[in-house]
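J.: Line order of the protein sequences matches chains A and B. Going left to right, the first sequence walks through residues 42 to 159 as our numbering numbers them. Going left to right, the second sequence walks through residues 6 to 125 as our numbering numbers them.
Errors might be hidden in some of the hints.
[Claimed, not checked] Quick list of in silico lysine-lysine cross-link-like pairs, PhoX-like style, CA-CA up to 20 Å:
#	chain 1	residue 1	chain 2	residue 2
1	B	LYS88	B	LYS49
2	A	LYS83	B	LYS49
3	A	LYS83	B	LYS16
No wet-lab data here; the hints were simulated from the structure. What you are looking at is a predicted structure, and each value in this text was computed from that prediction instead of being measured.
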Amino acid sequence: ILNVEQSPQSLHVQEGDSTNFTCSFPSSNFYALHWYRWETAKSPEALFVMTLNGDEKKKGRISATLNTKEGYSYLYIKGSQPEDSATYLCAFFGPQAYSGAGSYQLTFGKGTKLSVIP
Amino acid sequence: EAGVAQSPRYKIIEKRQSVAFWCNPISGHATLYWYQQILGQGPKLLIQFQNNGVVDDSQLPKDRFSAERLKGVDSTLKIQPAKLEDSAVYLCASIQSGTGTVIETSYEQYFGPGTRLTVT
């Protein structure tokens, strides 16, 4: 069974603090690593799709790095704002062992719930 | 561009009752997914469609769950009869994926707001 682990499970930070989360995933059969932000009562939205070892992507105050050889990705938020409060999900895209046909799908971690205190 | 639409947003039913969820993906998106997200867990794929065909339903509990996408556009997921453990958020997602290749299906997914189901 594919295992995608995220840490921490939850995090409370003060407005203006910088923070980071970790996602670990299998280092074999890697195709892509996705990061999504899911605000309460809204649709999950994609932040980044990363495919190459060493990838670094940035969107505003949020950035992510990828290490496919050791199987981890970091998500960084610089100067957290209350509107950053959300659950951040990472998902590994690759072949699924449970499906004999070699289906390729996203396997999600449990997420990191971020609360930014004004 | 309109996003992925889902309805209803919330549903409360008693165990052993039936329920159906509807999803309308982004126009032109050939691949559609249904996910189940139980509280404290990450979303888990239930079924993947490419146009009106099923690509993978190996994690769909077929004794009680069914899904269809008859015209290759909108889709319905049904649970009959519901159990307490079916309480979850049901998410629909779509991607453009014209040919359904592995590379195409690795692209970002566009999600609807989900249906929160409570089974009492």
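J.: If a hint holds in the structure, say so; if it doesn't, say that too.
T.: Hints, one by one, checked against the model:
| no. | hint | in the structure |
| --- | --- | --- |
| 1 | B/LYS88 to B/LYS49 | 17 Å, holds |
| 2 | A/LYS83 to B/LYS49 | 18 Å, holds |
| 3 | A/LYS83 to B/LYS16 | 16 Å, holds |
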